[in-house]
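Start from the sequences, fold in the hints, and give me the full structure.
Protein chains in written order, with the numbering used here: chain A, 288 to 396; chain B, 288 to 396; chain C, 288 to 396; chain D, 288 to 396.
There may be inaccurate statements among the hints.
It does not matter which identical chain is meant; a pair holds if it fits inside one copy or across any two.
As the list claims (entries may be wrong) - Think about it this way: if two alpha-carbon atoms lie no more than 27 Å apart in a straight line, the pair counts; the simulated DSSO-like pairs of lysine-lysine are: (1) K373 x K387; (2) K300 x K367; (3) K345 x K395; (4) K395 x K292; (5) K376 x K387; (6) K395 x K380; (7) K300 x K387; (8) K373 x K385; (9) K385 x K368; (10) K300 x K385; (11) K292 x K368; (12) K361 x K292.
Hints in this document: simulated from the structure, not taken from any laboratory.
Protein chains: 4
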Amino acid sequence: MDEIKEITQALTKFRNERDWEQFHNPKDLALAISIEAGELLEEFLWKKPEDASKENVKDELADVFAFAFLLADKYNFDVKKIVLDKIKKNGEKYPVDKAKGTATKYNKL
Amino acid sequence: MDEIKEITQALTKFRNERDWEQFHNPKDLALAISIEAGELLEEFLWKKPEDASKENVKDELADVFAFAFLLADKYNFDVKKIVLDKIKKNGEKYPVDKAKGTATKYNKL
Amino acid sequence: MDEIKEITQALTKFRNERDWEQFHNPKDLALAISIEAGELLEEFLWKKPEDASKENVKDELADVFAFAFLLADKYNFDVKKIVLDKIKKNGEKYPVDKAKGTATKYNKL
Amino acid sequence: MDEIKEITQALTKFRNERDWEQFHNPKDLALAISIEAGELLEEFLWKKPEDASKENVKDELADVFAFAFLLADKYNFDVKKIVLDKIKKNGEKYPVDKAKGTATKYNKL
Chain A
288 MDEIKEITQA LTKFRNERDW EQFHNPKDLA LAISIEAGEL LEEFLWKKPE
338 DASKENVKDE LADVFAFAFL LADKYNFDVK KIVLDKIKKN GEKYPVDKAK
388 GTATKYNKL
Chain B
288 MDEIKEITQA LTKFRNERDW EQFHNPKDLA LAISIEAGEL LEEFLWKKPE
338 DASKENVKDE LADVFAFAFL LADKYNFDVK KIVLDKIKKN GEKYPVDKAK
388 GTATKYNKL
Chain C
288 MDEIKEITQA LTKFRNERDW EQFHNPKDLA LAISIEAGEL LEEFLWKKPE
338 DASKENVKDE LADVFAFAFL LADKYNFDVK KIVLDKIKKN GEKYPVDKAK
388 GTATKYNKL
Chain D
288 MDEIKEITQA LTKFRNERDW EQFHNPKDLA LAISIEAGEL LEEFLWKKPE
338 DASKENVKDE LADVFAFAFL LADKYNFDVK KIVLDKIKKN GEKYPVDKAK
388 GTATKYNKL
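Structure below.
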């Protein structure tokens, strides 16, 4: 089976066993992603990038992924497709010759 | 090739062509995830869950995934493994008999 | 003394007694605001707006304010002035006749 | 008039003129704070703390404050009181002798 399908099935099985689908509307899933992204960020707070605990980052990043996969599933998005499509779109916003070596946002390039 | 490896390679190729790895330390990648999670959340602001634009959600969720995959790559995390490990851990925090049908946080169960 | 000055002095006294100014650069203060905003958001997760605990919201909102005042202090911003200035700016983006009764973002009005 | 009361009245006047109170339930106000905190964070992305634009930080921080004051108003919180109460609470979590000079979280002290 495809990896992402396998991850998603493990997540929805966990959710369904607990009868949690009733809470998982797309808006609250977006809240959950944002909350987990905040917990991930906390691992880096007041620290140099290299001083975060790899174990804690792993745990918090896994939570971000979990809710992101669940939201993707809710809309039947194909995760590979939407990321590859976005890369293509961003290629137009950030052409190599303009964007190379600069962190400037596209609307300022 | 595995799907996630394929996505990650497309993302790092895009990044390297623009010489952006210099900006992509783990802390700033965690910031980027949080910022994109905020943009995703904005699609639902002042709205009922079902009234968000599917197209916009797709775009913003793709950005969350993109930076999440890049951060996973930075630490050499196996995304499938870390999510499945987290599901197992959460199974202990949220046993089915206690958690079924309730959105209560584990430390209040 | 002005209220906001009084709050800010209480916050900086607390910080200085603990010798924490060394950690409080503007970037990490912005991280802290975002992290606390995530904890505030968590009080509403999987819930109807009216079902959040008022006591918990109070605690988490206080944390958002605390770091927001500390960041304002870092730049010597006059909080009253910057908020009133922003209201004025937003009045131009959202003229009453166009914005009345609609949650549409200004760039779509 | 007290400063915070003055700011809050300016914000609610702006809101009421546009008939926006219908959208401003506490949950969506918490979303708005989180979204604006993300925009503030974006001013620091891929940058050293001192390289953010002061003008942009001012604008984004003003938005965070605006929604934070509106949420406080929604619950009739006295902002000065809730921040001073939280400082007191934090004084117990972070006693000076243990917390001095360290960014360690209270549950690890």
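Starting from the hint list further up, note which numbers the structure goes against and sort them upward.
4
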